[in-house]
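Got two chains here, separate frames each, mind docking them using the hints?
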Amino acid sequence: QKEVEQNSGPLSVPEGAIASLNCTYSDRVSQSFFWYRQYSGKSPELIMSIYSNGDKEDGRFTAQLNKASQYVSLLIRDSQPSDSATYLCAKSGGSYIPTFGRGTSLIVHP
Amino acid sequence: GAGVSQTPSNKVTEKGKYVELRCDPISGHTALYWYRQSLGQGPEFLIYFQGTGAADDSGLPNDRFFAVRPEGSVSTLKIQRTERGDSAMYLCASSLGGQHDTQYFGPGTRLTVL
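In order, the protein sequences belong to chains A and B. No gaps in the numbering here: position 85 of the first sequence is 85 in this note's numbering, and each next residue is one more. Count along the second sequence from 1, then add 1000; that gives the number in this note's numbering.
Only chain B is shown next, with the shape it has when bound in the complex (with noise of 0.2 Å):
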């Protein structure tokens, strides 16, 4: 079947510009990851959905970032007013929802901001 898919795979923006980053997990999978990865590190946990309702958004690092899952399937992450330090890959996952089920990772949205 499908697995997670990311779009666009690619953003380039200019800072202080809003962007609009969509996760689509694989059908069934009722918990949905974001994280974001810098160049070198491994990948930072942002928030965590379980079906409509965000269950962890700890990793979240400050309000101008927020995130979505109205239905419970697709996500959108949204980032206000960008800065050159939001530049990264940011990548989504999805899991069947238990605590040792296995996360599988969509191809990452690459966000630079200029």
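Chain A with its partners taken away, still in its complex shape (with noise of 0.2 Å):
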């Protein structure tokens, strides 16, 4: 079982839907959480971290995570085509060290 779980997708919602992107991961140790958008042929980008179980807001974009169903997700409010990018999640436990899952990939269609 590989450390942190994504669905490759592609997952496809129309403008303005809200996109639900989620992310497993297999140990009791991790205490962050941190969600990436990465554009084609581009470097990720920290779009959300999260540290405590519960929601975070930042904008259009809310963070969930629950550590002992060990699973983090990302919804992103009102999507726009713009928002189409791999959505890449990690967590890292007590090194600085992140772990990467293989990333989503979203399509938001006009």
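By construction, these hints were calculated from the structure, which means they are not laboratory data. Note that the structure is predicted; figures quoted are calculated from it, not measured. Do not rely on the hints blindly, as some may be mistaken.
To be verified - Pairs of lysine-lysine, DSSO-like flavour, derived with a Cα cap of 30 Å:
{"hint": "1", "chain 1": "B", "residue 1": "Lys-1017", "chain 2": "B", "residue 2": "Lys-1078"}
{"hint": "2", "chain 1": "B", "residue 1": "Lys-1078", "chain 2": "A", "residue 2": "Lys-2"}
{"hint": "3", "chain 1": "A", "residue 1": "Lys-56", "chain 2": "A", "residue 2": "Lys-67"}
{"hint": "4", "chain 1": "B", "residue 1": "Lys-1078", "chain 2": "A", "residue 2": "Lys-42"}
{"hint": "5", "chain 1": "B", "residue 1": "Lys-1078", "chain 2": "B", "residue 2": "Lys-1011"}
{"hint": "6", "chain 1": "A", "residue 1": "Lys-2", "chain 2": "A", "residue 2": "Lys-56"}
{"hint": "7", "chain 1": "A", "residue 1": "Lys-67", "chain 2": "A", "residue 2": "Lys-2"}
{"hint": "8", "chain 1": "A", "residue 1": "Lys-2", "chain 2": "A", "residue 2": "Lys-42"}
{"hint": "9", "chain 1": "A", "residue 1": "Lys-42", "chain 2": "B", "residue 2": "Lys-1011"}
{"hint": "10", "chain 1": "B", "residue 1": "Lys-1015", "chain 2": "B", "residue 2": "Lys-1078"}
{"hint": "11", "chain 1": "A", "residue 1": "Lys-42", "chain 2": "B", "residue 2": "Lys-1017"}
{"hint": "12", "chain 1": "A", "residue 1": "Lys-56", "chain 2": "A", "residue 2": "Lys-42"}
{"hint": "13", "chain 1": "A", "residue 1": "Lys-42", "chain 2": "B", "residue 2": "Lys-1015"}
As structure tokens, then:
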């Protein structure tokens, strides 16, 4: 089992809809969780980090963490075509080194 | 201010050759990371520097890979006797150095081994 599991997609949603991206992880030690956005041919860009159980909101983005279920998600409200990208989930434990999932491709169509 | 820069942006080499990839982190960032990303995969950790020293090199795949950061700023990833399987995007990231500090990625170097 991979340490960080993501459905590779693509996830296709219409413009204006809510996009829901999910990620599961395999340990109970990880403390920090991250969502990165990566446009095709570009490098990853951090959009959200979350450390405590519950929800964290930042603009149109909401990250949700459930450590008991080993599950973290990212909701994108009012999805725009410019949100079309690959979304990488990552975790880190006691070290400073994040472990990345393979990413979920999101397509927002007009 | 300037972000993380990496040179070259593209490198094509022949099997068996030696290559060096350079990373110039954000000024003042003490932590520097190297990752390798293959198509359709997430970044795979290679090595982490805190200052001049390699704090964790557990991700280096074998002894053909080596990285240095002699003055605690610029880092060079060195690959000896390149193999076709080394072809990938090599990403560098830097951060202020705390565990929760944001990592800022450079644009990457696309390495192709023929």
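Against the structure, the hints come out as follows:
1. Taking the CA atoms of B:Lys-1017 and B:Lys-1078, the gap is near 11 Å; set against the 30 Å cutoff, the hint holds.
2. In summary, the hint linking B:Lys-1078 to A:Lys-2 is supported, as the alpha carbons are separated by about 28 Å, within the 30 Å threshold.
3. With a C-alpha separation of about 14 Å, the suggested pairing of A:Lys-56 with A:Lys-67 holds against the 30 Å cut-off.
4. The hinted pair formed by B:Lys-1078 and A:Lys-42 meets the criterion: a straight-line CA distance of about 22 Å does not exceed 30 Å.
5. Among the hinted pairs, B:Lys-1078 with B:Lys-1011 is consistent with the structure: their alpha-carbon atoms are about 13 Å apart, no more than 30 Å.
6. Between the alpha carbons of A:Lys-2 and A:Lys-56 the distance comes to roughly 26 Å, so the proposed pair stays at or under 30 Å and holds.
7. Distance restraint check for A:Lys-67 and A:Lys-2: the Cα-Cα separation of roughly 17 Å lies within the 30 Å cut-off, and the hinted pair is therefore satisfied.
8. Using a Cα cut-off of 30 Å, the hinted pair A:Lys-2 and A:Lys-42 holds, with the two alpha carbons roughly 24 Å apart.
9. Pair hint A:Lys-42 plus B:Lys-1011 holds up; C-alpha atoms about 16 Å apart against a cutoff of 30 Å.
10. About 15 Å separates the Cα atoms of B:Lys-1015 and B:Lys-1078, which keeps this hinted pair within 30 Å; it holds.
11. Distance restraint check for A:Lys-42 and B:Lys-1017: the Cα-Cα separation of roughly 26 Å lies within the 30 Å cut-off, and the hinted pair is therefore satisfied.
12. As the CA atoms of A:Lys-56 and A:Lys-42 are separated by approximately 26 Å, the hinted pair is consistent with the 30 Å bound.
13. Under the criterion of a C-alpha separation no larger than 30 Å, the hint pairing A:Lys-42 with B:Lys-1015 is consistent with the structure, at around 26 Å.
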